[in-house]
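Each residue of the sequence shown is one higher than the last, beginning at 1 in UniProt numbering.
The reader is advised that the hints may include incorrect statements.
As the list claims (entries may be wrong) - Lysine to any residue pairs mimicking SDA-like chemistry, simulated, CA-CA at most 25 angstroms apart: (1) Lys173 to Thr214; (2) Lys173 to Asp209; (3) Lys173 to Ala74; (4) Lys173 to His161; (5) Lys173 to Val201; (6) Lys173 to Phe200; (7) Lys173 to Arg154; (8) Lys173 to Thr157; (9) Lys173 to His216; (10) Lys173 to Ala162; (11) Lys173 to Thr76; (12) Lys173 to Glu203; (13) Lys173 to Tyr43; (14) Lys173 to Ala42; (15) Lys173 to Ala205; (16) Lys173 to Gly160; (17) Lys173 to Val184.
Stated by the list, open to error - Label pairs and their calculated CB-CB ranges: (18) Pro118 to Thr172: 34 to 40 angstroms; (19) Glu227 to Asp54: 35 to 41 angstroms; (20) Thr76 to Arg116: 14 to 20 angstroms.
No lab work stands behind these hints, which were simulated from the structure alone.
All figures in this text were calculated on a predicted structure; none of them were measured in a lab.
By construction, the Cβ of each residue, glycine as well, lies at the ideal position given by its N, Cα and C atoms.
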Amino acid sequence: MAEEIQWTSHIEEFDGGRLAYFTAGLGEPVVFVSGGPGDSHAYLRPVAAEFVTDYCCVLYDQRGTGQSVHDLSAQTLNVDALVRDLDHVRELLGAPRLRLVGHSWGATLALLYAIRHPDCVSHLALIGMGPLSDEAAGVASANLIRPLTENERREFTTLGHARREAMAQGDTKRAWDLHTQAMVYRARGWFYDADAAARFVSEYAASEDPTNFTVHQLVNASVQTVEWTSSMALCSPTFGTLVLYGRQDFEPIEQAFQLQSQWPHVSVRLINRAFHLP
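Using the sequences and the hints, build the whole thing.
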């Protein structure tokens with residue numbers, strides 16, 4: 001179905017750079033916030049395409065990715081700026097409140113937006129949300145490599161160290177090559193279906209819009225400054241929230257119940273035989 005959908009592109013000047021977003025369908029807007037940080041939104045297009053008969057589906061390039069061109073520095077690329085961008089998308093759509101669907105890192109960003117702008121959200125769906133604490137990040141890292149053999153774990157770790165070294169040296173091409181090699185192992189923890197994992201690895205390696213590692217590093221450093229527990233406790237949203245995880249997702253599912261204990265109107269759903277991606 002995704003191939004039949006005609007997406008209309010919009011590029012706006014904003015906050016010293018460009019902000020690109022894409023729309024399809026009619027009705028109330030639903031904004032899909034993609035994972036990463038630093039990755040293309042393209043993998044969510046088939047998901048969004050399932051809803052275009054009922055809603056105006058909106059995808060956008062997060063700052064520093066795709067057509068959302070911006071200077072990349074800690075001052076211009078941080079969670080505060082990404083929240084501003086998402087709120088500007090809402091303004092451009094002319095929507096007082098948004099239906100937000102976030103996946104992985106995108107769920108983390110959608111949650112932060114909802115915390116800071118609760119009156120601008122009508123519905124919130126958080127799918128496979130990433131870790132909100134160092135402890136949760138440790139759980140996720142351990143779960144990710146669980147399907148691997150000891151030799152594969154060592155190779156995966158070696159590739160990760162080499163990629164970070166290449167980035168420190170400014171060799172983005174080598175960093176990308178090492179990252180795609182490691183993706184063979186990473187995808188094993190992302191997909192329940194081995195054939196789907198293999199297809200993803202092949203398509204990812206051939207991508208014309210590769211991961212922006214500078215964006216990835218800057219945003220991840222910035223998100224560490226967020227006090228999630230206190231921020232969630234201080235927010236009393238009136239909108240409904242759906243938290244969805246694959247039961248075998250490597251991300252820490254316990255976070256769903258933490259949010260449910262702090263916020264009203266939170267539903268948690270677990271899908272069996274599902275990892276992080278379909």
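Results for each hint:
Between Lys173 and Thr214 the alpha-carbon distance is near 13 angstroms, which keeps this suggested pair within the 25 angstroms criterion. Distance check on the hinted pair: Lys173 and Asp209 sit about 13 angstroms apart at the alpha-carbon level, within 25 angstroms; holds. For the given pair, Lys173 sits about 22 angstroms from Ala74 by alpha-carbon distance, which is consistent with the 25 angstroms threshold. Among the hinted pairs, Lys173 with His161 is consistent with the structure: their alpha-carbon atoms are about 15 angstroms apart, no more than 25 angstroms.
Proximity of Lys173 to Val201 is assessed by CA-CA distance (about 17 angstroms); at most 25 angstroms being required, the pair is judged to hold. With a C-alpha separation of about 20 angstroms, the suggested pair Lys173 and Phe200 falls inside the 25 angstroms cut-off, and the hint holds. A C-alpha spacing of about 23 angstroms is found between Lys173 and Arg154, which places the hinted pair at or below 25 angstroms, so the restraint holds. Our distance criterion of 25 angstroms between C-alpha atoms is met by Lys173 and Thr157, whose separation comes to about 19 angstroms.
Between Lys173 and His216 the alpha-carbon distance is near 15 angstroms, which keeps this suggested pair within the 25 angstroms criterion. Taking the CA atoms of Lys173 and Ala162, the gap is about 12 angstroms. The hint holds against a cut of 25 angstroms. Among the hinted pairs, Lys173 with Thr76 is consistent with the structure: their alpha-carbon atoms are about 24 angstroms apart, no more than 25 angstroms. At most 25 angstroms may separate the alpha-carbon atoms for a hinted pair to count; Lys173 and Glu203 meet this at roughly 17 angstroms.
With a CA separation close to 22 angstroms, the supplied pair Lys173 and Tyr43 stays within the 25 angstroms bound. A hinted pair counts as satisfied when its Cα atoms are at most 25 angstroms apart, and Lys173 with Ala42 qualifies at roughly 21 angstroms. Distance check on the hinted pair: Lys173 and Ala205 sit about 12 angstroms apart at the alpha-carbon level, within 25 angstroms; holds. This hinted pair checks out: Lys173 and Gly160 have alpha carbons roughly 14 angstroms apart, not beyond 25 angstroms.
Distance restraint check for Lys173 and Val184: the Cα-Cα separation of roughly 18 angstroms lies within the 25 angstroms cut-off, and the hinted pair is therefore satisfied. Remark: the range hint 34 to 40 angstroms for Pro118 to Thr172 is upheld by a beta-carbon distance near 38 angstroms. Between Glu227 and Asp54 the Cβ separation comes to about 37 angstroms, which falls inside the hinted range of 35 to 41 angstroms. Checked against the given bound of 14 to 20 angstroms, the beta carbons of Thr76 and Arg116, roughly 19 angstroms apart, stay inside it.
When each numbered hint is compared with the structure, no violation occurs for any of them.
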